Amino acid sequence: MSSAEIAAIPENEGFKIRWGDCAPFIALALIILLGALINSNFMSTNNILNVITRSAFIAIIGVGATFVIATGGLDLSIGSMMAFVVGIMIMAMNALAPSLGAWAIPVGALVALVVGSLCGLLNGLIITVGRIEPFIVTLGTMGIFRALITYMTDGGSLSIDRSLRSAYRPVYFGDFLGIPYPVIITLVIASLGAFILYRTKYGRRVTAVGSNSDVARFSGVHVGRVRTMAFVIQGFCVAVAAICYVPRLGAATPTTGQLWELQVITAVVIGGTLLRGGKAHIWGTVAGALILEVIANVMVLSDMVSEYLVAAVQGTIIIIAMLAHRFTGPR
Amino acid sequence: MAQVQKQGVTPLVEMRDICISFGGVHAVDHVSVDLYPGEVVGLLGHNGAGKSTLIKILSGAYQADSGEIHVRGKKATITNPRDARALKIETIYQTLALADNLDAASNLFLGRELVTPLGLVDDDAMEAETRKIMAKLNPNFKKFNDPVSALSGGQRQSVAIARAVYFDAQILIMDEPTAALGPHETQMVSELIEQLKAQGIGIFLISHDIHDVMKLCDRASVMKNGQLVGTVDVDDVTDDDLLGMIILGKKPGVAAD
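Chain order of the listed sequences is R and X.
The numbering used here puts the first residue of the first sequence at 1, with every later residue one more than the last.
The numbering used here puts the first residue of the second sequence at 1, with every later residue one more than the last.
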């Protein structure tokens with residue numbers, strides 16, 4: 001162990017790590033370049049704005065999933081939970097519309113945020129108090145939320161009151177200085193997420209718990225609280241996504257949010273967050289969500305591969321991303 | 001004899017008549033050990049002899065079924081690792097010392113992060129403090145911005161020790177501190193232990209390497225099958241005596257005592 005050896009290694013390591021953190025952004029740039037070469041319409045302002053807006057849901061939920069995954073957890077219930085929150089929100093707004101008019105919308109949004117956070121709290125408490133694997137717990141709640149939305153819609157669809165449509169529409173379709181609202185909301189949520197994760201004690205403990213929960217426990221960290229809180233953040237993000245989602249189609253159906261958990265987890269993992277926890281990359285998750293949406297868009301525009309295969313391509317991407325982690329990561 | 005030397009000094013730690021069992025197995029069976037300031041006490045025994053379990057009671061990971069712990073002469077209740085920390089007891093676990101994905105400073109301050117007046121983590125201050133203490137403990141240490149998984153065994157051990165020292169530990173528990181270290185790094189860790197002793201810190205050193213114990217410790221307590229075989233002054237015994245205690249559970253020179 002000579003001092004020369006010690007001094008030489010850090011520069012190399014530092015360079016490698018920075019490169020790794022950039023990987024999702026480089027991949028995104030390459031796919032955009034590919035899209036631009038394949039179809040001239042790809043780079044049109046309309047198409048680009050549309051793609052970015054569509055990716056907002058996955059990105060917003062992904063910010064929450066980054067917290068959960070960084071603590072070493074996993075939440076499979078997010079897609080069903082979103083459908084459930086959308087359903088509750090529509091029912092609340094419809095019930096309030098006659099008395100409150102357009103004010104039913106912010107009240108409904110508040111209801112959604114509370115319900116979403118409580119759903120997350122439920123997942124978190126069952127996992128930490130009951131000491132059950134997150135995979136099993138959220139597999140269970142995934143079924144429960146899905147069944148509840150199917151029950152609430154009676155197998156059909158649950159639409160928002162006509163009187164609210166025009167007032168609510170801009171939340172998805174409107175823009176501020178040319179930037180669609182869902183994109184602004186994504187930026188706000190991701191900035192908040194990055195702030196909490198990188199600048200607060202809680203964020204530091206999230207990565208510590210994911211890195212090694214026993215070390216964190218022996219260091220005096222309330223591991224259970226940190227884990228539970230991550231699920232609450234996840235639930236809150238799901239509710240924010242639901243608030244953006246309702247004006248898009250104006251209805252909840254039994255298939256709302258189906259398989260979104262696959263897309264969200266894929267976005268988080270290709271964004272550079274370790275699936276086993278301990279390393280979190282919020283802006284990588286946002287890039288990951290964009291990558292998924294851009295690939296789907298390129299597939300639709302190119303006609304080379306059927307768009308029915310989008311989910312297959314996304315599934316392939318998460319497997320390739322995991323393999324890349326395995327073979328490029330340390331040990 | 002050790003007791004005679006220490007007369008008049010309050011022990012840092014006295015664990016009296018500690019028992020704990022798991023599903024009918026007496027992992028620790030009426031064991032008493034003590035530790036004085038500036039002293040290293042080795043805890044020896046085979047795997048499963050109960051030494052790690054005993055020490056986890058002191059560090060708050062387990063709670064004893066019966067028995068008392070006195071810290072600096074006062075009866076102490078330790079129900080979790082936070083209680084132990086409040087009593088200035090720090091533990092350096094063999095495998096559980098550091099969170100691999102965090103850098104040295106984040107590990108050093110894990111659970112006790114330094115914050116700015118606004119309540120945000122103050123990375124600059126934490127790194128500066130880490131640099132200060134590492135300059136004292138291990139001047140060769142340079143990898144402040146890498147996750148600790150990139151460090152060598154000795155460097156990791158020095159970060160773990162730095163953490164204990166920074167928070168003013170008076171009682172240090174080291175679990176196999178030199179396991180998996182090369183000779184050079186083992187030397188570094190023994191020098192660190194000497195430094196800590198000189199500061200009046202008391203150290204429990206868990207090991208099953210007799211040579212480590214002979215070299216680093218002042219006294220050794222040997223355990224077998226959950227029971228205390230005996231506590232001896234290391235200067236009074238030979239390697240073989242200790243081996244006999246570990247393997248046969250016999251205290252040496254009982255007749256001469």
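Just so you know, these hints were derived from the structure itself, not from any lab.
Keep in mind that a hint or two might mislead.
[Claimed, not checked] Here's a subset of chain X near chain R, in silico, CB distances under 8 Å, partners left out:
id: 1; residue: GLN63
id: 2; residue: ALA64
id: 3; residue: ASP65
id: 4; residue: GLY67
id: 5; residue: ARG85
id: 6; residue: LYS88
id: 7; residue: ALA97
id: 8; residue: LEU98
id: 9; residue: ASN101
id: 10; residue: VAL115
id: 11; residue: PRO117
[Claimed, not checked] A few chain X residues facing chain R, derived, Cβ under 7 Å:
id: 12; residue: PRO81
id: 13; residue: ARG82
id: 14; residue: ALA99
id: 15; residue: LEU114
id: 16; residue: LEU118
id: 17; residue: LEU120
id: 18; residue: ASP122
Remember, it's a predicted structure, so these values are computed and weren't measured experimentally.
Note that beta-carbon positions come from the ideal geometry of N, C-alpha and C, so glycine has one too.
Each hint tested on the structure:
Evaluation of the X/GLN63 hint against chain R yields a violated restraint, the C-beta minimum of about 15 Å exceeding 8 Å. Because the beta carbon of X/ALA64 sits about 18 Å from the nearest beta carbon in chain R, more than 8 Å, this interface hint is broken. Because the closest C-beta pair between X/ASP65 and chain R is about 21 Å apart, greater than 8 Å, the hint is violated. Because the beta carbon of X/GLY67 sits about 22 Å from the nearest beta carbon in chain R, more than 8 Å, this interface hint is broken.
Because the closest C-beta pair between X/ARG85 and chain R is about 6 Å apart, less than 8 Å, the hint holds. Interface hint at X/LYS88: violated, since its Cβ lies 13 Å from the closest Cβ of chain R, which is beyond the 8 Å cut-off. Because the smallest distance between the Cβ of X/ALA97 and any Cβ of chain R comes to about 7 Å, under 8 Å, the interface hint for this residue holds. Restraint check, X/LEU98 versus chain R: the minimum CB separation of about 6 Å is within 8 Å; hint holds.
Restraint check, X/ASN101 versus chain R: the minimum CB separation of about 4 Å is within 8 Å; hint holds. Hint status for X/VAL115 relative to chain R: holds, with the closest Cβ pair at about 7 Å, below 8 Å. A distance limit of 8 Å between C-beta atoms decides the matter here; for X/PRO117 the minimum to chain R is near 13 Å, and the interface restraint is violated. For X/PRO81, the shortest C-beta to C-beta distance to chain R is roughly 5 Å, which falls under 7 Å, so the interface hint holds.
The criterion of a C-beta within 7 Å of any C-beta in chain R is met by X/ARG82, whose closest approach is roughly 4 Å, and the hint holds. A least Cβ separation of about 4 Å between X/ALA99 and chain R falls short of the 7 Å threshold, and the interface hint therefore holds. The interface hint given for X/LEU114 is broken, as the beta carbon of that residue sits about 10 Å from the closest beta carbon of chain R, more than 7 Å. With its C-beta approaching chain R no nearer than about 9 Å, X/LEU118 sits outside the 7 Å limit, and its interface hint is violated.
Hint on X/LEU120 holds. Least Cβ distance to chain R is approximately 5 Å, under the 7 Å limit. At a threshold of 7 Å, the smallest CB-CB gap from X/ASP122 to chain R is about 10 Å, leaving the interface hint violated.
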